[in-house]
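Peer 1: Here is how the chains run, residue by residue.
Number of protein chains: 2
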Amino acid sequence: MSEVPRRAPTGNALFRPRITSAITEAVLEELAAHGYARLAMEAVARRAGVGKSALYRRWPSKQDMVIAVLSEFSVPLADVPEGVSLREDLESVLQALHDWLTDPHVATILPDLTAEAVRNPALAEAIRTTIGEPRRALGTAVLLRAVERGELPADLELELALDLLAAPVYWRLSVRHAQLEPDYFDRLVEHLLRALDARPTPQGQAHHNSVA
Amino acid sequence: MSEVPRRAPTGNALFRPRITSAITEAVLEELAAHGYARLAMEAVARRAGVGKSALYRRWPSKQDMVIAVLSEFSVPLADVPEGVSLREDLESVLQALHDWLTDPHVATILPDLTAEAVRNPALAEAIRTTIGEPRRALGTAVLLRAVERGELPADLELELALDLLAAPVYWRLSVRHAQLEPDYFDRLVEHLLRALDARPTPQGQAHHNSVA
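Those protein sequences? They're chains A and B, same order as listed.
Numbering that gives the first Met the number 0 puts the first residue of the first sequence at 0, with every later residue one more than the last.
Numbering that gives the first Met the number 0 puts the first residue of the second sequence at 0, with every later residue one more than the last.
Pulled out of the complex, with its shape left as it was, chain A reads as follows:
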C-alpha cells in the first residue's frame, strides 16, 4: 500500500513515517478512550506531539482521519496467507478476525463506530467503502480460490458466505462479550464447511458432511 520513493528522502521527509506512526497511535488511543463523537483533533495532535496543521495536511476532517487510520490498520489484517485447503484458509480467516476484534483498541473502537454509524450515514458509507468492502474483497478471494480448487460449489452464495464467516465471531466477542471454548475455531470451521456445502479435495482436509 505504501508508495516507493523515487529518490532518497531528505530533510523533513526523513521524519514523516515516524510522525505518521505517532499520529496513527494517537488516533487509536484517543478513539478508544473517548469515542468518535468526543474525539478532538486537538487531543490527537497533543498526544502525537505534533501541531494540528500536521493532521489537517493529511486529512481534511476528523472523519477522514479516523477512517484512514482504521482502514490502514484493519484491512491488512484480513490478508491471510493461502493455505492448502479451504479448511486451513477458514482457520486463518477466523484467527485473523479474532486477532482484529480482540485488539485492545479495536475492541472498543468498532462497537462505538458501529453505533455512531446508525446516526451518521456519511460515516457508515465511509466505513463500508474503506474498511468493510476491502476486507470482504480479501474474504472473497479466499472463497473463490476454494471454488477453483473444487472445494466449494460454483454457485456459491458469496454474500451469505462472507456474512457467515465474519458474523459468529463478531457476535460472540463484540456483542455477547463471551469467551471462546478452546476448540471453538475447529468446531466453527466444521459448521461453516457444512453450511457452504464444501467438498473434500485430495490435497485438502475438508470433510464433506462429516459428523462433527
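It cannot be assumed that every hint is accurate.
What the hints assert, rightly or not - Each pair of labels, with its calculated beta carbon distance range:
#1 Arg37(B) with Ala121(A): 19 to 29 Å
#2 Ala153(A) with Leu179(B): 22 to 32 Å
#3 Ile18(A) with Leu137(B): 31 to 41 Å
#4 Leu137(B) with Ala153(A): 30 to 40 Å
#5 Gln178(A) with Glu24(B): 33 to 43 Å
#6 Ala42(B) with Glu24(A): 34 to 44 Å
#7 Leu157(B) with Pro103(A): 23 to 33 Å
#8 Glu81(B) with Pro181(A): 27 to 37 Å
#9 Ala136(A) with Ala42(B): 40 to 50 Å
#10 Thr101(B) with Leu157(A): 19 to 29 Å
Hint data in this document are derived by calculation from the structure and do not stem from the laboratory.
Every residue, glycine too, gets a C-beta built ideally from N, C-alpha and C.
Given the coordinates of chain A, assemble chain B onto it according to the supplied hints.
Peer 2: Then chain B, alone, in the frame of chain A:
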C-alpha cells in the same frame, strides 16, 4: 410476565398500566434519540408526563430502568410459535430477529448499548442476564424440540448453534447496514440446516445436505 392482581385495582392503581406504558415509550424514545450515556431520568419523566418519583418508585437507577424496559420489549419477541419442522421454526426465529433488529427504536438503541457495554461491565452483565440469556433460552427450546423430533443430532453444539442463528442477521442489518435479498431467509435457513447437520423428518421439510 405480569402479575395477576389478587383483588380489583382501585384508585391510582387503575392508571398504573397506562402510566407504565407511557414510561416504556418515553424510555425507548429518549434512548433512541440521545443514547444511553446522555439519557436523563428527568427527560424520560417529562416525556412520559410523570414525576421523577414515578420512575424511582419502579427502578432504583437509570441502568435498572433501561434494562427492565428493553427486556420487557425484547424477550417476548423471541418467543416464536412452534412449527411442524425445524425449517419452519428457523424461519420464524429469523423473521422475529429481523423484526426486533429493524424496530426503529431497537435499531438505534442496540448498537449504542453494545458500545456502552464495552466500557461498562455492570451494564454488559445486566444486558446478558436479562435480555441475552432469556432470548437464548427461547432459541434453545426451538433447537431442543428439533433434537427430540430427530431433526438435529443429539450431540448438537448448542452455544455455536445459537450464535449461528442470531449472528448473520445482526451482522447484515446492525453492523453492515446492508439490505436483505428477497430470498435471504430461505437461503440462510438452507445454510443453517446444513451447518447444524439437520436431518429430514417425515412431517418436516428439512432436506439433509440438499444442494442449495
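Peer 1: Taking the CB of Ile18(A) and the CB of Leu137(B), does the distance hold inside 31 to 41 Å?
Peer 2: 54 Å, violated
Peer 1: Look at the Cβ atoms of Glu81(B) and Pro181(A) and judge whether their distance stays inside 27 to 37 Å.
Peer 2: 35 Å, holds
Peer 1: Is the distance from the Cβ of Ala136(A) to the Cβ of Ala42(B) consistent with 40 to 50 Å?
Peer 2: 44 Å, holds
Peer 1: Ala153(A) and Leu179(B), beta-carbon distance inside 22 to 32 Å?
Peer 2: Since Ala153(A) and Leu179(B) have Cβ atoms about 24 Å apart, the given range 22 to 32 Å holds.
Peer 1: Holds or violated: 33 to 43 Å for the Cβ distance of Gln178(A) and Glu24(B)?
Peer 2: 36 Å, holds
Peer 1: Range hint 19 to 29 Å: satisfied by the CB atoms of Thr101(B) and Leu157(A)?
Peer 2: Once the Cβ atoms are compared, 24 Å apart, the range 19 to 29 Å for Leu157(A) and Thr101(B) holds.
Peer 1: Falls inside 19 to 29 Å, the C-beta gap from Arg37(B) to Ala121(A)?
Peer 2: 21 Å, holds
Peer 1: Can you tell me whether the CB distance of Leu137(B) to Ala153(A) sits inside 30 to 40 Å?
Peer 2: Since the Cβ atoms of Leu137(B) and Ala153(A) sit about 38 Å apart, the hinted range of 30 to 40 Å holds.
Peer 1: Hint says 23 to 33 Å; check whether the CB-CB distance for Leu157(B) and Pro103(A) agrees.
Peer 2: Holds, since Leu157(B) and Pro103(A) (Cβ atoms, about 30 Å apart) stay within the stated range.
Peer 1: Assuming the hint says 34 to 44 Å, is it satisfied by the Cβ distance from Ala42(B) to Glu24(A) or not?
Peer 2: 38 Å, holds
Taken one by one, the earlier hints fail for this structure only at number 3.
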